[in-house]
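Based on the hints, put chains F and R in the right spot on chain A.
Chains as they are written, first to last, in this note's numbering: chain A, 1 to 333; chain F, 1001 to 1126; chain R, 2001 to 2175.
In short, the hints are calculated from the structure, not lab data. Values in this document were obtained by computation on a predicted structure and should not be read as measured data. The reader is advised that the hints may include incorrect statements.
Stated by the list, open to error - Computed from the model, here is a short list of chain R residues facing chain A with C-beta under 7 Å:
1. M2163
2. V2169
3. M2171
Note that CB positions come from ideal geometry on N, CA and C, so glycine has one too.
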Amino acid sequence: MQYKLAMYALEKSDKLFVASMLELARKKFGVHWVLDDNAGQVTLVDVDQPDGLSFWQAYHSQKKLVAFAHSNRCQAALYLEKPLRVQPFTELLKALADDLPGFEGAVPETVTTATVAVSTSAKDALNYQPEIYLAGLLQHSLRTQQAIRLGIEHCPALYVLPSKHRWYSAPIDLNHLTSSQKLLLSAPASSFVQQPMTETALLNEVTQQGLPHYDLNSLLWVSTLHASQGRLLAGHALQHPVRLRQWPNFAILPYEPVHMQLAAFIMKTPASVARIASNTRIPLSTVVDFYNACAMVDLLISVDNSQDVDIAAKPVSVEKRSLFKNILQRLVG
Amino acid sequence: MLSHLEKVQLQQRLQTLIADCDEIQAALVVTVDGHLCAMQQRENYPLERLATMGSSLMSLGDTITAELRLGSCKNIIAENEEGIVAFMHVNSALVLVTLTVQKNAMGLLIAHSRRCATELSKTLGT
Amino acid sequence: MKEIKLVFTGSMGAGKTTAISALSEIPVINTDVKASDEVQLRKATTTVALDYGEMTLPDGQKLRLYGTPGQERFSYMWKILMQGALGLIILVDNASPEPLADLDIYLTHFREYIEVSGAVIGVTRMDMAAEPALDAYYAFLQEKQLQLPIFPVDVRRREHVVMMVQALVAMLEFS
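Next comes chain A alone, as it looks inside the complex (with noise of 0.2 Å):
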């Protein structure tokens, strides 16, 4: 049976150690972890860095966290004291081995289709996959020029052109989407009814019942903005720098001030989203799910790791901070 541990802000020193600690809690207790910081069932979090307290904070209700610091400040139901010591550590492994299932090993075959569906769903819950979501639904018609409709009971259909790289429906204000809307849009790609079209067909459809059109790339960005709930996509690293290769287009993407606020900060400096998240002060949460609407419009660059270096933001006076809060205020009243 093999699990994997994930780390989330520790210091290089811990993870070295924890890397060393899980041979020995191997040989002690015969429970065989590996570290997998894409896909771990448990993630063992530094809270005493403030990246961590966020990334706590975002998932502790939704993940299986081990709060890791100096005092159980986030009186959190697994909790490691720091410093780090052998016999603390491998004996929380074990227990947590005592409770999940494994990925590998000689079991039944029931209990290993079981353990494959645990695990994909356990992988779901962590990831953010567009495959699974209308997302993945608005790529697949990208990448095969197919038109389509999409339907969904009790909604206006939605339809895709993707050679005019465009969709239409009821009038629809994406900066003030109803809660009916919202739910639309983070449905499982499973809840649409696909009906692939002739361009032709589809044209005249939207021509007899008056649809506006809008850009395809407000529907990508839109419905992976309320899809994500902050899951970072799959295959991305929050560890991993990227930058910006243009200001998302606000002109035709929906946005909230805090997206303005992401764009210029990850236009300046390329950085990771651990690292944005901690910089900006925004919820980690909501940086995830912005980075993951800039993915899907292909606006990240990945940069090297190297340029995922804290540089110290030069402080904005208070007086001047008001005076911005002011300005955004008067702006939207």
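This is chains F and R only, laid out in the frame that chain A set:
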């Protein structure tokens, strides 16, 4: 756009202005959007730039008097350490700008400039 | 009290006055005069000094909105108006004969300011002229080693002008 004849008339009147008043160092007529139409000067001044700046100033003067409901702006005077510059409308399309380095010659500057502008206005029309 | 001002600059006819009108709570004061040269082929009037509008902020302070003349001949006004400016918005008319060349004028003139504080670029009338596309503008900026937000805007729409100011404020926070 001024015709060739009109430009000649402007030039001649500015020559007369300079000849009649020793205190005036330079005189120019500019369009309200800052293009130089005619000029006369005793020394080398950056008259092209003065043309554009003059139009800005005249326009600001017009705007201010309109805001304050003080009627039309008759002239704008820039009184400086080393001289005086006067700006005034010839008509709705043209502005006369005159310059003296005599700090005490404001009265002469305005009087001669006003007469010149009035005559030009009659010659060219509104 | 230090003046709080935003400056709108950009090519003639790009929509500076309209953009200010979209935000200003007072009728915009302008210094437009009849154009006498080839400008009149594109526009009957031209700004020779400035446009002015204002907004009152929640704390009672005034945010002053200035528009510069578009023609390069009046660049001395650009310098005057930029003194102490909080931020700069550059508007470019995509339907003009050479929009990138137009943009270059303002990027060059305001380069020093932009390198410190940044600016936002709004490209107007992309519905009338699709080229150059946004990518061309970004490529142009990259050649100049500048990273600025560029948005296709219709300055008659208040939300577009608001968006540009929001982007500007976001940039200022992280400049």
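Consistency of the hints with the structure:
1. M2163: 5 Å, holds
2. V2169: 5 Å, holds
3. M2171: 5 Å, holds
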